[in-house]
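K.L.:
Residue numbers (the numbering used here), protein chains in the order written: chain W, 224 to 531; chain C, 55 to 297.
These aren't lab readings, by the way, just hints derived from the structure by calculation. Any given hint could be a false lead.
To be verified - Chain C stretches covered by chain W per the calculated footprint, using a threshold of three residues with CB under 8 Å from any CB of chain W:
no.	segment
1	84-95
2	213-222
3	227-233
4	240-252
5	274-288
A virtual CB, placed ideally from N, CA and C, is assigned to each residue, including glycine.
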Amino acid sequence: MTAIEAKALDKKFETTVALDKVTFSVEKGELFGFIGPDGGGKTTLFRILVSLMIPDAGSARVLGFDPVRDYRALRQRVGYMAGRFSLYPDLSVLENLMFFASVFGTTIEREYEQIKPIYVQLEPFKDRRAGALSGGMKQKLALCCALVHRPDILFLDEPTTGVDAVSRREFWDLLGRLKDQGLTTVVSTPYMDEARRCDRVALMHRGRLLVVDTPDGITGAFDRPLLGVRAKDRYKALLALRTYEHAHSAYPFGEVIHYTDNRIDAPVDRLAADVKTFLATSGFGDASAEPLTPTVEDSFIARTEEAA
Amino acid sequence: MSDIAIEVKDLTRKFGNFTAVDHVTFQVKAGEVFGFLGANGAGKTTAFRMLIGLLQPTGGSARVAGFDVAKQAEEVKRRIGYMSQRFSLYEDLTPRENIRLYGGIYGLTLAQIRERADAMLQRLGASQIADTAVRSLPLGWRQKLAFSVALVHQPHIVFLDEPTSGVDPITRRQFWELIYDAASRGTTVLVTTHYMDEAEYCDRISIMVAGRIAAMGPPADLKREHNVESIDELFVQLARPAA
């Protein structure tokens, strides 16, 4: 069953192209991620899908509803968590929840089973003003409010942006549990490492989908020899690598430099030996080079380079 | 200017009964890239605000660029650059106008400003966009420009608060190359980030948990000592009990 079907969605703001022929579909029960930097069009796309904005062209179906024509019916069935914290900071945790429940004509008691896994984490703070919660707790409260009317599909716009690494993990653990209950969830994030938590992801950049696939499908399609280079003076080694005649790209990834080579068909072990020799003769006797498995971020970089 | 850019001893800040920063002690050497990590609410921002002279400590001391942040905040401000995550450049002004504004605030002459603006724009490869309103530039460009503008008065130390949040992967790496470049010319860099891979670009990092420094050192040493594969893993290990 298809939960979302989007065809050639276009949206412009004056001269800025926010969405450029965006086409994709999401299956029921999927945890689907839109991954990409700010300004890529993620928020615009979400607003269109939850009926808060009208596209310039193209069409969409969400749970079978047209977000433009059937917006009233659709709004009863979607949960939406906006990118900016949009709860009432002066109301307590409990008051916020009661408010959102009442807007949808229900009560916390009636929906307790649905929100329980999250609510138990919020319960110790139920009388605290929402504005006084930590970043991670605010996001959990917002998620709880988006779920309180038992939606069939959940849209979360950058729920983990600016949230620390520990709270990010906890948040994704919660999304995993909702998925186990069968909820369809669409989530956006600028953190490439979070792609691994999704069933399928769309890499999004400058209003376009670069690719839609499983995380393994995306990294599996990476077709250049990739080496991890280590050297004591990383910065100088990075600059040196870029002058190597066969170099395609060299970027720092944590303590390792990710290096790709232009000799696409050569055995990667031979390339590693070549690169090590080049670095040794350039004054980096301590350098090492080893074949690497690409990450989603490597794929994103390669695809944006191609698109440029 | 001595070899020590920042010297912090038992730095403490209380808000009522709550101790946001609790007897924090560390030193940063001139030319070092020092990563300042911590969970939301661990006290990073409070510590940062004291170091840049915007918030008075309630205990301990901090010397930044040789001056006491509690008693000589204006002297400190003259010698540091600061780039905040949210607001860094005036959007209605062009990059060249922003450079002129900040240069003027820091007391540079018009000739100095002109010279540094040209050199900066050329180094960034930003000459074509020098006269375009910042509002219409992509986020990546803005952040690279904001970093350069924070350096326009050639400060001893530059403070960067989540400078790469939401920036695309290529620009994020270009940004770090600007940091390396500044550090290689002697500028001390203090940076906060939520990208754990960026923590590994730092010479040394500190991880704050509940107002205290729970771990500090070069990333490779910390990983070895705590027997973890990545700084991400270490961060979760240290911060989880407090969460």
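K.L.:
With reference to the structure, classify each hint as holding or not holding.
P.N.:
Here is what the structure says about each hint:
1. For the segment 84-95 of chain C, the proposed coverage by chain W is satisfied: 4 residues have a C-beta within less than 8 Å of a C-beta in that chain, meeting the threshold of three.
2. Look at the segment 213-222 of chain C against chain W: 5 of its residues bring a Cβ nearer than 8 Å to a Cβ of that chain, three or more, so the hint holds.
3. With a cut-off of 8 Å between beta carbons, the segment 227-233 of chain C has 3 residues touching chain W; three or more are needed, and the interface restraint holds.
4. Evaluation of the coverage hint for the segment 240-252 of chain C: fulfilled, as 5 residues show C-beta separations to chain W shorter than 8 Å, against a requirement of three.
5. Residues of the segment 274-288 of chain C lying with their CB closer than 8 Å to a CB of chain W number 4, which satisfies the three-residue condition for coverage.
Hint compliance for this structure: every hint is met.
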